[in-house]
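Chemist: Sequences and hints are given; from them, build the entire structure.
2 protein chains.
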Amino acid sequence: MPERHVPDIVVARLPLYLRALSAIQREGLAFISSKELGERLSISPAQIRKDLSLFGDFGRQGKGYEVNALLARLRRILGVDREWLMVLVGAGHLGSAVANYTGFAQRGFRIAAVFDNDPQRIGVRLGEHVVRSADELDAFVRAHAIRLAMIAVPASAAQTVADQLVRAGVRGILNYAPVTLTVPPSVRVENIDPVLHLQHMTYYLSAEPEAAGTS
Amino acid sequence: MPERHVPDIVVARLPLYLRALSAIQREGLAFISSKELGERLSISPAQIRKDLSLFGDFGRQGKGYEVNALLARLRRILGVDREWLMVLVGAGHLGSAVANYTGFAQRGFRIAAVFDNDPQRIGVRLGEHVVRSADELDAFVRAHAIRLAMIAVPASAAQTVADQLVRAGVRGILNYAPVTLTVPPSVRVENIDPVLHLQHMTYYLSAEPEAAGTS
Chain W
1 MPERHVPDIV VARLPLYLRA LSAIQREGLA FISSKELGER LSISPAQIRK DLSLFGDFGR
61 QGKGYEVNAL LARLRRILGV DREWLMVLVG AGHLGSAVAN YTGFAQRGFR IAAVFDNDPQ
121 RIGVRLGEHV VRSADELDAF VRAHAIRLAM IAVPASAAQT VADQLVRAGV RGILNYAPVT
181 LTVPPSVRVE NIDPVLHLQH MTYYLSAEPE AAGTS
Chain U
1001 MPERHVPDIV VARLPLYLRA LSAIQREGLA FISSKELGER LSISPAQIRK DLSLFGDFGR
1061 QGKGYEVNAL LARLRRILGV DREWLMVLVG AGHLGSAVAN YTGFAQRGFR IAAVFDNDPQ
1121 RIGVRLGEHV VRSADELDAF VRAHAIRLAM IAVPASAAQT VADQLVRAGV RGILNYAPVT
1181 LTVPPSVRVE NIDPVLHLQH MTYYLSAEPE AAGTS
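Residue numbers (the working numbering), protein chains in the order written: chain W, 1 to 215; chain U, 1001 to 1215.
Because the hints were derived from the structure by calculation, they are not lab data. You may find that some hints are simply not true.
[Said to hold, decoys possible] On the chain U side, residues computed to face chain W include the following (Cβ under 10 Å):
#1 A1012
#2 L1014
#3 L1016
#4 A1020
#5 F1031
#6 R1040
#7 S1042
#8 S1053
#9 W1084
#10 A1112
#11 L1174
#12 V1183
#13 V1189
#14 D1193
#15 H1197
#16 L1205
We put the CB at the ideal spot given by N, CA and C, even for glycine.
Modeler: Have a look at this one:
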């Protein structure tokens, strides 16, 4: 368990530190300074030292952080020192892309099963999975004590699926449907909607003089 | 152009408002109160009123916001009252999924061309595109005055691709590669790495008593 209350904005940066440190470990470096780490992440060294100090004292005077030790500690803090099972709901275009993304398993998140309610899709092979009926979702989640799910259904169906998942015991939802979900306070939702990110950028691009002239 | 300086955290919420209001418009509602909008977005009505007041006065006493007018205004503010062309670099598993995602075009972002440097992929059909050689990237971006790009190459190649894009004139990059990119201050990068979101959630799930007991 976390040692003390950590602001969510700090928690959100920890996976970035983990990702960068994993790359640094692959490069064979044993130590890294907060300055070097900051340059790789475009985060100030002071911020990094402050964030990490919430979890203990990792740095060595003049040498920086010990990469292996900090990695192990971050994995434990984030709860990714073990494998997590997830269910994926939705086996259409988006769900298929999610199911075929190899980055999950490589980094400790394994899709245990894929579900859909479309009879055309149930029974179809999707990567290493055979798509199951959504009718089996509740029993499967309970039987395997699954806490993480990914939703890749159309926006109109996403809330219903989220409600089912929460009732079955899911506590974290990665939502690919372009809609805001409502869940109890005990459940966390993270959203992936690439168009929101594009629109965030076009705000600034549109404000540029040359773009304003063409709109 | 924005009327005054708007904090980036507010800018990041505008696409959420736009998405929710688009759904509300499809439902046929002419007006929406900040209370109802807040409930759909899990954002406080006070926050919504404060955010939107930065751009003018949209609400009508007792009736709420006029949906069509606010939508049109938000589209203009975000610069999405016109279509944006993008290039996609990377035609592997991840790039293929991105290329086949229909949500971009539906919401005004059109992939103009897909590039890869792997001879095995160049010339291959991908959705409505034929994958082009990365050698053509610079000339294509310049010829079409493209400002937005998506990177879906392996992490090890992403920075090189970003540098090429920036040199060619790209000012906004949606980065699907699991690595932090370094770009000049005039360029914006938004990142999509679903594993970071999962790790953000497992931090909290691991802190739960039952999970802590099993780890």
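Chemist: Quick check on U:H1197 please, does its C-beta sit within 10 Å of some C-beta on chain W?
Modeler: holds (4 Å)
Chemist: Does U:D1193 hold up as a contact with chain W if the rule is Cβ-Cβ below 10 Å?
Modeler: Status holds, d = 7 Å.
Chemist: Verify the interface restraint on U:S1042: the C-beta must sit less than 10 Å from at least one C-beta of chain W.
Modeler: holds (6 Å)
Chemist: Holds or violated: is the Cβ of U:A1012 closer than 10 Å to a Cβ in chain W?
Modeler: At 6 Å from the nearest chain W Cβ, U:A1012 passes the 10 Å test, so the hint holds.
Chemist: Once the shortest beta carbon distance from U:F1031 to chain W is found, is it less than 10 Å?
Modeler: At 20 Å from the nearest chain W Cβ, U:F1031 fails the 10 Å test, so the hint is violated.
Chemist: Does U:L1014 meet its interface restraint, that is, does its C-beta lie within less than 10 Å of any C-beta in chain W?
Modeler: holds (7 Å)
Chemist: Under 10 Å is the threshold here; is the Cβ of U:L1205 close enough to any Cβ of chain W for the hint to stand?
Modeler: holds (5 Å)
Chemist: Against chain W, is U:V1183 within 10 Å by beta-carbon distance?
Modeler: holds (9 Å)
Chemist: A closest beta-carbon separation below 10 Å is what the hint needs, so does U:A1112 meet it against chain W?
Modeler: With Cβ-Cβ at 14 Å, over 10 Å, it is violated.
Chemist: Restraint: U:A1020 near chain W, CB-CB cut 10 Å. Satisfied or not?
Modeler: holds (7 Å)
Chemist: If you take the shortest Cβ to Cβ gap from U:W1084 to chain W, is it below 10 Å?
Modeler: At 6 Å from the nearest chain W Cβ, U:W1084 passes the 10 Å test, so the hint holds.
Chemist: Should the hint that U:L1016 touches chain W count as held when the rule is a Cβ pair under 10 Å?
Modeler: Result: holds, 7 Å to nearest chain W Cβ.
Checked against the numbered hints above, the structure violates hints 5, 8 and 10; every other hint is satisfied.
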